Structures are given as structure tokens and as C-alpha cells.
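Modelling step: build the complete structure from the supplied sequences, incorporating the hints.
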Amino acid sequence: NAGVTQTPKFRILKIGQSMTLQCTQDMNHNYMYWYRQDPGMGLKLIYYSVGAGITDKGEVPNGYNVSRSTTEDFPLRLELAAPSQTSVYFCASSYSLGGNEKLFFGSGTQLSVL
Amino acid sequence: AQRVTQPEKLLSVFKGAPVELKCNYSYSGSPELFWYVQYSRQRLQLLLRHISRESIKGFTADLNKGETSFHLKKPFAQEEDSAMYYCALPPFLNAGNNRKLIWGLGTSLAVNP
Chain G
13 NAGVTQTPKF RILKIGQSMT LQCTQDMNHN YMYWYRQDPG MGLKLIYYSV GAGITDKGEV
73 PNGYNVSRST TEDFPLRLEL AAPSQTSVYF CASSYSLGGN EKLFFGSGTQ LSVL
Chain B
11 AQRVTQPEKL LSVFKGAPVE LKCNYSYSGS PELFWYVQYS RQRLQLLLRH ISRESIKGFT
71 ADLNKGETSF HLKKPFAQEE DSAMYYCALP PFLNAGNNRK LIWGLGTSLA VNP
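These protein sequences, in sequence, are chains G and B. Take the first sequence: its letters are residues 13 to 126, numbered as in the working numbering. Take the second sequence: its letters are residues 11 to 123, numbered as in the working numbering.
In case anyone wonders, no lab produced these hints; they're calculated from the structure. These figures come from a predicted structure and were not determined experimentally. All C-beta atoms in this analysis are idealised placements derived from N, C-alpha and C, irrespective of residue type, glycine included. Keep in mind that a hint or two might mislead.
Residues on chain B that point at chain G, a partial pick, calculated with CB under 8 angstroms [claimed, not checked]: (1) 49; (2) 53; (3) 54; (4) 55; (5) 56; (6) 96; (7) 115.
Quick look at the structure:
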């Protein structure tokens, strides 16, 4: 049982490049989330999904896209990378709805856009 | 508005000293609160939650509704407690903020030898 797996762990992009951050979980969780963590700014929700085929915006969705074709996978797409997207990205999943749930986090992706 | 405040960005204590990481909340219902921890080079993980009233790694947290606080405490800090700590609050379900936790900005705890 691997939990939540994110790839890659590190990436450097040039301005305007695109990339996909992969996230997969093997706990059969319906709910998945993408957060970014900026120094001194805490965690900000980018997108979340309540099940396969259903996604919704979080607090800071601009510049990102997601898809959820399966229960296991929740990739995050950056289409035109900008320096403001330099951050650490975390994928998470949970079993239940409503917020009173324990989140399981991936190990994070450190992204630099230069 | 629902909000979680962690007033200290950095807290530095000596090994063996008591430690208290502060968390205050603003909430219109009966809150369930969490503490998450992120050790260096490790993923965020749940430390404890109010509803379970448990003690993990010597840490405890008591919900004080009068002071709207959920401070994290440990009587004797250890060097391995050095980490980033986040307080989090589930949203009030009818507030339109379903499905996401409200996070504090985090407190970095440094336990010095």
C-alpha cells in the first residue's frame, strides 16, 4: 500500500513551458486535492475532485488544469508556466466528504519556473 | 468568515522545555480541528485531531471554545519534534466551502539541543 504517490519530485521549467504533475493513490479514496505551498503562505487549494469525472476549483486555480478519469489518478497540468507558479505542490486524498476527514499527502513536487 | 490563525511563524525552544504552538479559530459551528505536521523532507501527516482526544508523540491539544483556541502542547520538547506544524479547520458545511480544510499559515518549531 503505497498511499499517495507524486511524480516528479523536482522540476525546473522555463517560462512558457508546460508540464503535468502526476498523482496516484491506491487507497480507493474518492476525494483528491492539489495544494501549493509557498513559504510563509501556508497551503492553498488549487483544485479538488470528489470522484472520477468530477473536478472543481479551489482557491487558486488560475494557470492550472486537472482531470480525473479514474479514481486513482489526479494529474495537475500547467499549460504556460510562469515564475509565480514556483512552489511546492502537494497532492492529497481522503476517504470521506465534509471536511472532517484525515488527509493523506504525497511527498510533494518542488517546481521552479525560471 | 471561518479562519484559522497561527500567530507564530517560528517558535524556538530548548530540548526538554515545554512547548505550546498556538492556534485560534473563527467558526460559526461546533468545530473539529486538526494538527498536521511536516518533518524535514517528509510529507505532511496528521498529528492529531480534536475528535479523537488522543496524545501522539507526547503532544496534546485541547479545544477551548471560550477562547476559540486549539493550542498544541508538549511538556518536554525533543529535537525530533522540530518540524512545521499546521492547524486546520473543516469548513461549516453550509458555508459554500465544502470539501476543503481551512489551514493556518503554519508554525516552524525548532528544538535546540
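Consistency of the hints with the structure:
About 12 angstroms separates the beta-carbon of residue 49 of chain B from the nearest beta-carbon of chain G, more than 8 angstroms, and the hint is not met. Among the interface hints, the one on residue 53 of chain B holds; its C-beta lies about 5 angstroms from the nearest C-beta in chain G, closer than the 8 angstroms criterion. With a cut of 8 angstroms, the hint placing residue 54 of chain B at the interface with chain G holds, because the nearest CB-to-CB distance is about 4 angstroms. Satisfaction of the interface hint for residue 55 of chain B is found here, the shortest Cβ-Cβ separation to chain G being roughly 7 angstroms, below the 8 angstroms cut-off.
Against a cut-off of 8 angstroms between C-beta atoms, the interface hint on residue 56 of chain B holds, since the closest Cβ of chain G lies about 5 angstroms away. Proximity of residue 96 of chain B to chain G holds as hinted, the smallest CB-CB distance being about 7 angstroms (cut-off 8 angstroms). A distance limit of 8 angstroms between C-beta atoms decides the matter here; for residue 115 of chain B the minimum to chain G is near 4 angstroms, and the interface restraint holds.
In summary, the structure is inconsistent with hint 1 from the numbered list given earlier, while agreeing with all the others.
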